[in-house]
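Student: Each chain, written out:
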Amino acid sequence: MPVKRRQILLRTVVGWLAALVMFFPVFWMALAAFKTEMDAIAWPPLFFFKPTLANFAEMQERVDYIGHAWHSVAVAFGSTALALVLAAPAAYAMAFFPTKRTRGTLLWVLSNKFMPAVGVLVPIYLILIFVGWLDTLRGLIILNLFANLPIVLWMLYSYFKEVPGEIIEAARMDGARHDQQLRLVLLPLSAPGIASTALLAIILAWNESFWCINVSTVNSATLALAIASFSNPEGFFWAKLSAASLASVAPIMVFGWLTQRQLVRGLTFGAVK
Amino acid sequence: MAPAIGSLAVWAVVPTLLTLWFAFQGYNLLTPPKGFVGFRNFYFLLTDPGLPTVLLNTALLVVWPLALTIGLGTALALAYNDAFYGRGIARLLVIAPFFVMPTVSALVWKNLFMNPVYGLFAGICRMLGLTPIDWFANWPLASIVIIVTWEWTPFATLIILTSLQSLDRDLLEAALLDGARGFARFVYVVLPHLARTIAVVAMIETIFFLGIYAEIAVTTVGGPGIATTNLPFLIYSRALLGFDVGAASAGGILAIILANIVMVLFMRTIAREL
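Each protein sequence line maps, in turn, to chains S and B. Numbering-wise (my numbering), the first sequence opens with residue 1 and increments by one. Numbering-wise (my numbering), the second sequence opens with residue 1 and increments by one.
Bound conformation, chain S alone (with noise of 0.2 angstroms):
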């Protein structure tokens, strides 16, 4: 059938021509990463030069790569483990045992998200000034377990509701507690939603700016203030600018392609499957 034919190769041409216009700023980047500063501003572009791997180095040196990593490494996991803790028994709670209320505290978790982070953003830097947590990784774990929160506590709840209830009614009749239902029984169940459900919030916290911006400056600076600070126009560091962000984006990158199928229903509160 060579309509049809062409047609899929009409849909090659224009499939591809978009993926790589929306793809282009990061492959730039990734480029200009291995340029000497002198070849990232060069005229006509250059798509071949001798590649160089001093722009990592400098960085570190220059932004301390490896010690910003560890913060966003700390603040992503922490929080999220903290996150799936907190909110694992609850979501348990409200997938197995609904009552009359569980519909509007699940609308109102939801509301929490919607929360505008800037409406609160006097009084948490006033309280973490007051019990000493401004700029502390501690701090940041805080806010970044409550801003993930909701999503967490809702993935979970919809994957934990897709679990047939009857299992659970025979890990309860063969005498299992609420808790050994859930370790034994739930969790290695909806072990892969559970998975997605962390992946979507490291993802999340690791990419995390505005608290960040705001209430650290050195002890808790995860990669994305470091990276803010080539903000300050001090002359021209590209290639090192593009080294520290393909550094800083490369590995959640990964994670995010891996999870791209359960992202959706994260981000949309399970409005979209």
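FYI, nobody ran anything at the bench for these hints, they're computed from the structure. Take these hints with a grain of salt, some might be off.
Here are a few chain S residues that sit away from chain B, every Cβ distance over 10 angstroms (derived from the structure) [what the hints assert, rightly or not]:
id: 1; residue: Leu53
id: 2; residue: Ala54
id: 3; residue: Glu61
id: 4; residue: Gly67
id: 5; residue: Lys100
id: 6; residue: Leu137
id: 7; residue: Ile167
id: 8; residue: Asp179
id: 9; residue: Pro192
id: 10; residue: Thr268
To give an idea of the interface, some chain B residues facing chain S are shown, with a C-beta separation under 8 angstroms as derived from the structure [claimed, not checked]:
id: 11; residue: Phe113
id: 12; residue: Leu120
id: 13; residue: Phe155
id: 14; residue: Thr197
id: 15; residue: Gly211
Here a beta-carbon is modelled for each residue, glycine too, at the ideal position from N, C-alpha and C.
Given the coordinates of chain S, assemble chain B onto it according to the supplied hints.
Tutor: Below, chain B alone, put in the same frame as chain S:
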């Protein structure tokens, strides 16, 4: 269940009440507290000659990216709905921008692309014999709209694509048999199916776009003048640059009210399907 809901409640209620409390206080960290001042902070906020511009900027930074991401996202989703060679990999490339942290997106666009001398766009302009555009000086708001659109088009694409793939194939074939082709099929069959999804995308994006902050903080810092200052950036500059707790809190209350209007609309749309 109690720990999660309880801590979330504390998190949700205490800071909001504090914002409300501070909004009625004459409290600047640089001067002695003046105590309760009634609606004075709101009075100064609402009569600030810059406020109309700030609100307009806030609205433009919601409306433009919304229209662009949903338009582009729908087009991309349609392009990716049917199989073609290498679709899986092409789709990974399309959604990649969503995982780039805002500070990186903003700085890469500002420097590598929009720099008036060495940027890629400037070079292309010169090649075509045109005068390069000084993006952040002459089109600051448009520049930020472009960056935000690039970041969020993958989100719209991914969600609209998911919804498209749940569209019943039989329905499309029935429409084809009834003589609906191409455009007619899109308008009368596909678009009604997508309507709710697009509403969901629009509302989630609105919430995020109302809070655009990092992209401004690392590029224009709200300027030139207040040309790119939106509500979040105004509150930030009152609070952490001006140390005016009262004024910033009054702005915060305004932001909370705006977000709640969007939220109520969102809840009405999705709550039915819970």
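Student: Evaluate each hint against the coordinates.
Tutor: Okay, the hints, checked on the actual structure:
{"no.": "1", "hint": "Leu53", "in the structure": "holds, 19 angstroms"}
{"no.": "2", "hint": "Ala54", "in the structure": "holds, 18 angstroms"}
{"no.": "3", "hint": "Glu61", "in the structure": "holds, 19 angstroms"}
{"no.": "4", "hint": "Gly67", "in the structure": "holds, 17 angstroms"}
{"no.": "5", "hint": "Lys100", "in the structure": "holds, 14 angstroms"}
{"no.": "6", "hint": "Leu137", "in the structure": "holds, 18 angstroms"}
{"no.": "7", "hint": "Ile167", "in the structure": "holds, 20 angstroms"}
{"no.": "8", "hint": "Asp179", "in the structure": "holds, 13 angstroms"}
{"no.": "9", "hint": "Pro192", "in the structure": "holds, 17 angstroms"}
{"no.": "10", "hint": "Thr268", "in the structure": "violated, 5 angstroms"}
{"no.": "11", "hint": "Phe113", "in the structure": "holds, 7 angstroms"}
{"no.": "12", "hint": "Leu120", "in the structure": "holds, 6 angstroms"}
{"no.": "13", "hint": "Phe155", "in the structure": "holds, 7 angstroms"}
{"no.": "14", "hint": "Thr197", "in the structure": "holds, 5 angstroms"}
{"no.": "15", "hint": "Gly211", "in the structure": "holds, 5 angstroms"}
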